[in-house]
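Protein chains in written order, with the numbering used here: chain A, 1 to 212; chain B, 1 to 254.
Careful, some of the hints might be misleading.
Only part of the chain A face toward chain B is listed, based on derived beta-carbon distances under 7 Å [as the list claims (entries may be wrong)]:
| id | residue |
| --- | --- |
| 1 | N17 |
| 2 | G140 |
| 3 | H144 |
Simulated pairs of lysine-lysine, DSS-like, Cα-Cα distance not exceeding 30 Å [what the hints assert, rightly or not]:
| id | chain 1 | residue 1 | chain 2 | residue 2 |
| --- | --- | --- | --- | --- |
| 4 | A | K128 | A | K206 |
| 5 | B | K60 | B | K146 |
| 6 | A | K177 | A | K192 |
| 7 | B | K146 | B | K182 |
| 8 | B | K239 | A | K196 |
| 9 | B | K68 | A | K196 |
| 10 | A | K192 | B | K68 |
| 11 | A | K211 | A | K64 |
| 12 | B | K209 | B | K13 |
| 13 | B | K239 | A | K192 |
| 14 | B | K68 | B | K13 |
| 15 | B | K146 | B | K13 |
| 16 | A | K128 | B | K239 |
| 17 | B | K209 | B | K146 |
| 18 | B | K165 | B | K209 |
| 19 | B | K191 | B | K146 |
| 20 | A | K211 | A | K177 |
| 21 | A | K192 | B | K209 |
The hints are simulated quantities; they were obtained by calculation from the structure and are not laboratory data. Cβ atoms here follow ideal geometry from the backbone N, Cα and C, with glycine treated the same way.
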Amino acid sequence: MIVVIDYDVGNVKSVCNAFRHIGCEVELSCEPGSIEAAAGIVLPGVAAFGYAVSALGPLAELIKESALSGKPLLGICVGYQMLFDQSSEYGRHSGLGLIYGSVVPIPSGSPMDSLRRTIPHMGWNLVKLPENMDLFAGLGGEKHFYFAHSFYADVTDPRARTAFTDYGFDLPASVQKENVYGTQFHPEKSGKAGLKLLQNFYDICKKINSKS
Amino acid sequence: MLTKRIIPCLDVKDNRVVKGVKFRNLRDAGDPVELGAGYSDAGADELVFLDITATIRSRKTIVELVEKVAENVFIPFTVGGGIQTVDQIDALLRSGAEKVSVNTAAVGNPNLIAEAAQRFGNQCVVLAIDARRSKKHEHKWQVCVKAGSEPTDIDVVDWAVKAEKLGAGEILLTSMDADGTKAGYDNELNKAVTEAVNIPVIASGGAGKLEHLYDAIVLGGADAVLTASITHFGNHTIKQMKEYLASRGIPVNL
Numbered sequence: 001m002i003v004v005i006d007y008d009v010g011n012v013k014s015v016c017n018a019f020r021h022i023g024c025e026v027e028l029s030c031e032p033g034s035i036e037a038a039a040g041i042v043l044p045g046v047a048a049f050g051y052a053v054s055a056l057g058p059l060a061e062l063i064k065e066s067a068l069s070g071k072p073l074l075g076i077c078v079g080y081q082m083l084f085d086q087s088s089e090y091g092r093h094s095g096l097g098l099i100y101g102s103v104v105p106i107p108s109g110s111p112m113d114s115l116r117r118t119i120p121h122m123g124w125n126l127v128k129l130p131e132n133m134d135l136f137a138g139l140g141g142e143k144h145f146y147f148a149h150s151f152y153a154d155v156t157d158p159r160a161r162t163a164f165t166d167y168g169f170d171l172p173a174s175v176q177k178e179n180v181y182g183t184q185f186h187p188e189k190s191g192k193a194g195l196k197l198l199q200n201f202y203d204i205c206k207k208i209n210s211k212s
Numbered sequence: 001m002l003t004k005r006i007i008p009c010l011d012v013k014d015n016r017v018v019k020g021v022k023f024r025n026l027r028d029a030g031d032p033v034e035l036g037a038g039y040s041d042a043g044a045d046e047l048v049f050l051d052i053t054a055t056i057r058s059r060k061t062i063v064e065l066v067e068k069v070a071e072n073v074f075i076p077f078t079v080g081g082g083i084q085t086v087d088q089i090d091a092l093l094r095s096g097a098e099k100v101s102v103n104t105a106a107v108g109n110p111n112l113i114a115e116a117a118q119r120f121g122n123q124c125v126v127l128a129i130d131a132r133r134s135k136k137h138e139h140k141w142q143v144c145v146k147a148g149s150e151p152t153d154i155d156v157v158d159w160a161v162k163a164e165k166l167g168a169g170e171i172l173l174t175s176m177d178a179d180g181t182k183a184g185y186d187n188e189l190n191k192a193v194t195e196a197v198n199i200p201v202i203a204s205g206g207a208g209k210l211e212h213l214y215d216a217i218v219l220g221g222a223d224a225v226l227t228a229s230i231t232h233f234g235n236h237t238i239k240q241m242k243e244y245l246a247s248r249g250i251p252v253n254l
C-alpha cells in the first residue's frame with residue numbers, strides 16, 4: 001500500500017488517480033498509523049511552499065522519520081521542493097532537510113538570450129535520464145515531462161543523484177538520495193512516461209518491503 | 001528545451017462540449033470526458049475546459065466533471081468559467097484540475113489573482129483575457145468581460161502586465177475578433193502581450209490551418225496555442241499539427 005499524504009493543498013487526488021490507473025493500491029491519508037504502515041509515501045503538492053509547509057504541520061516530522069528509517073518517499077513538485085533545507089518563495093521557510101539544497105527563484109533570462117524564458121517554467125521539457133536513477137528504469141535516455149513551477153531546487157547534496165532538463169541552464173528535474181526520491185515535474189500529469197515512473201516507484205516500494 | 005504546446009479547448013455547456021463562432025451559434029461537439037481522454041491519447045499537451053454557462057447550478061456539475069476527467073486523463077488541464085472565489089479555485093484543484101482560469105471576477109477584483117497565487121502558487125492561476133480590437137485607438141485592444149459580452153475601458157496589454165505583477169502564472173489570450181473564424185490568430189495582439197510580459201501566453205481564437213499555429217508561435221511569440229474548431233471537427237489531428245510544427249523547426253513533444 002502506498003500512502004499519498006492528504007494535507008490541505010491541491011492536486012492530491014490526481015496522484016491517487018494515476019496510481020490507481022496502474023493498478024497500485026493507494027490510500028489518501030494523514031493518519032500517523034497509515035503512514036507508519038505504508039510501503040511507501042508520496043508527498044504531493046500544488047501550493048506555495050510556505051502554505052504547504054504550514055499545512056503539513058506535525059506530519060512533517062513523521063514523514064522525515066519514516067524516510068530516515070528507510071521507507072521510500074517520493075516528493076512531487078512542491079512536495080519535492082520540501083525535501084530540501086529551505087525556500088525563499090513568499091518569505092523564508094524551512095523544508096524537511098532530507099536533501100541538502102535551497103529552493104530559489106528561476107532566474108529570468110538575460111536580454112541576450114535568443115529565446116524568451118518565461119516564468120513559470122510551464123509545459124513539457126526534455127529530461128536527460130541518468131542510468132543510475134531507479135525512477136527512470138525502462139524509460140530510455142530522455143523523455144518529456146510536464147513542469148509547472150517558478151522556483152527550483154539548487155541541489156548541493158554530494159550524495160544526491162540528479163537528473164536535469166535544459167531551461168537555458170541545467171535545471172534539476174529529479175533527485176534520488178538513497179530511498180528519498182523527488183520530481184520537480186508532475187509524473188501524474190506526464191502521460192505514459194509519468195505513469196511508468198510511478199510504476200517504478202511502486203516497484204521500488206514492493207522490493208524494499210519484501211526484504212524487510 | 002521547453003516545447004511549444006497544443007491545447008485543445010473544450011467549451012462545456014450542460015455537460016456537453018460545444019463550439020460557436022464569435023461566441024454565438026453553438027454546435028454540439030461531444031462528451032467532455034470522452035473527448036478529453038481522446039485528445040490525451042492523441043498527443044495533446046494539455047486541455048482547457050471552459051464552463052460557458054457558469055451558473056450556480058453548473059458550478060457543482062463542473063466539479064463532478066473535473067473529477068471524472070481527472071480519473072481518465074493523465075495530462076494537465078485547466079478549468080475556467082465564472083470562477084469568483086479562492087474557495088471555488090480550491091474545489092477545482094482538489095478535484096484534479098492542474099490550473100484554474102479567472103476572467104470577469106479578476107477584472108472586478110484583481111486581488112483574487114494575488115490571493116490565489118499566494119495560496120496555490122502562481123503556476124495554478126491562469127488569467128483569461130477576452131480581447132477586442134478598439135474602435136477608437138489603432139493597435140489597441142479592450143478587455144471584455146461576461147463571456148465577451150461587455151467591453152470595458154481596460155487596455156489588454158496594461159491588464160496583462162498588472163496581472164503578472166499580481167501573481168498570474170499564465171495568460172490565456174482570446175481574440176474575440178478572430179474566434180471561430182478559422183482565419184488565423186490575431187498575432188499583432190499576441191505579439192503586443194508576449195513582448196510585455198514574462199509569463200507564458202496561450203494564443204486563442206482563429207486557428208483554421210496548420211500554418212496559423214506556426215504563425216502564432218513565431219509571429220505572435222506564443223508559448224502555446226489553443227485549438228477548438230480545428231480539432232473538434234476532425235480537420236487535423238494533434239499528431240499532424242505537431243509533425244508540421246516540428247518540420248518547421250519548432251520544438252514539440254511528439
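Consistency of the hints with the structure:
no., hint, in the structure
1, N17, "5 Å, holds"
2, G140, "14 Å, violated"
3, H144, "4 Å, holds"
4, K128/A - K206/A, "26 Å, holds"
5, K60/B - K146/B, "20 Å, holds"
6, K177/A - K192/A, "25 Å, holds"
7, K146/B - K182/B, "23 Å, holds"
8, K239/B - K196/A, "22 Å, holds"
9, K68/B - K196/A, "22 Å, holds"
10, K192/A - K68/B, "19 Å, holds"
11, K211/A - K64/A, "21 Å, holds"
12, K209/B - K13/B, "26 Å, holds"
13, K239/B - K192/A, "16 Å, holds"
14, K68/B - K13/B, "16 Å, holds"
15, K146/B - K13/B, "15 Å, holds"
16, K128/A - K239/B, "23 Å, holds"
17, K209/B - K146/B, "29 Å, holds"
18, K165/B - K209/B, "34 Å, violated"
19, K191/B - K146/B, "25 Å, holds"
20, K211/A - K177/A, "19 Å, holds"
21, K192/A - K209/B, "29 Å, holds"
Comparing the model with each earlier hint shows violations of hints 2 and 18; every other hint is respected.
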